[in-house]
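Model the full assembly from the supplied sequences, consistent with the hints where possible.
So the sequence lines, in the order shown, correspond to chains P and L.
Quick note on numbering: numbering that gives the first Met the number 0 labels position 18 of the first sequence as 17, and the sequence is numbered without any gaps.
Quick note on numbering: numbering that gives the first Met the number 0 labels position 8 of the second sequence as 7, and the sequence is numbered without any gaps.
Calculated directly from the structure, the hints in this document are not laboratory data.
Predicted model only: the values in this text are computed from it and were never measured.
There's no promise every hint is true.
A short list of chain L residues far from chain P (calculated; beta carbon distances all over 12 Å) [unchecked claim]:
1. P6
2. G10
3. G25
4. H84
5. P127
Which stretches of chain L does chain P cover? Using the computed rule of at least three CB atoms under 8 Å from a CB of chain P, they are [claimed, not checked]:
6. 50-64
7. 110-124
8. 128-139
9. 142-153
10. 157-170
11. 176-189
Quick reminder that beta carbons are idealized off the backbone N, C-alpha and C, glycines included.
2 protein chains.
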Amino acid sequence: MLVRGEPVVRGVLEATLEELATVGYGALRIEDVAARAGVNKTTIYRRWPTKQELVGAALRSVTVEWVIQPNTGSLREDLLEVGRHMTAVMSSAGGQALRRILIAEERNPEFMAVAGQFREALDALPRPVIETAKTRGELAPGLDASLLFRFLASILQHRLFIEGRDIDDGFLHQVVDLLLFGALAPDKRT
Amino acid sequence: MLVRGEPVVRGVLEATLEELATVGYGALRIEDVAARAGVNKTTIYRRWPTKQELVGAALRSVTVEWVIQPNTGSLREDLLEVGRHMTAVMSSAGGQALRRILIAEERNPEFMAVAGQFREALDALPRPVIETAKTRGELAPGLDASLLFRFLASILQHRLFIEGRDIDDGFLHQVVDLLLFGALAPDKRT
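Here's what the structure looks like:
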């Protein structure tokens, strides 16, 4: 997985993700991360005093490459752009490795607590898109718009991995239009 | 996983799912399924001549316990009932075992082809709910309503397993209302 930032930080966080993918969260040791990254373990402890902090930082670092801030002037076009980008990220080697880590650890409460910070970072990504849509008055009153993006991610992930099917632009339009317009006939929206 | 039907069939299909969970699709042998079920392997070959047919039948058999046909008189209430039932099934030991099988085999093309029949059986489950909603004129014209149920399942699964969070009735209402009413403000639906 690609991690941005200064080289030492980047090297340590990449090594953490690789160790995590290889041995899992329970067996991950900071000594082994240090060896893999070619740094002294005190270099790691100084910045990330606990395993939880190190793994949390490694997971959050992944979201940096996931940032996309479309500003097409319409929520529908912005969502289509986000959906295309999500599809590319999920299909990438890094996205698939991260998915396998999350699945392998899904019944480990300590890991899930650490992963909670990662989810919060993910939830924050679409905020600018939501804010501009609000400015244009596009969102239904009272809606928690972060759900829109989380549901989009859920649907794309299920399609790619559980159903094992490709995502083309026709499918993306179906998803986005259902999420924006809803399934009800216009005269039943009372 | 609970499988209904006549006892021998049931025993063989349950043994197939257990073998699948234990050794995976690639290593699954009909002899081992027969031994686990306590039947002669010719008993299996007579009914399911190939491994693909046997595993396909075992996966389809699981959907029998997933049938729910609410008929509350409103699509919204029907969807909430389906959502509650999906949540219970996904959270059950059988549902979780099946999920682990699907994840373990997701990069095996032969298994994914067999699992395609299972997906079709799943897609067929909500048809009566869709038909009555159509009769009441509740669905937007041109909508592929099976997507509504597939997206509901995707969102609930993501919430339970990837996010590791509970599903309560408040969350279910948020999901169903977004899927039915959409995220757009009423005056932006042109």
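Evaluated hints:
| no. | hint | result |
| --- | --- | --- |
| 1 | P6 | 31 Å, holds |
| 2 | G10 | 28 Å, holds |
| 3 | G25 | 16 Å, holds |
| 4 | H84 | 18 Å, holds |
| 5 | P127 | 17 Å, holds |
| 6 | 50-64 | violated (count 0) |
| 7 | 110-124 | holds (count 3) |
| 8 | 128-139 | holds (count 4) |
| 9 | 142-153 | holds (count 9) |
| 10 | 157-170 | holds (count 6) |
| 11 | 176-189 | holds (count 12) |
In the structure shown, a violation is registered for the earlier hint numbered 6 alone.
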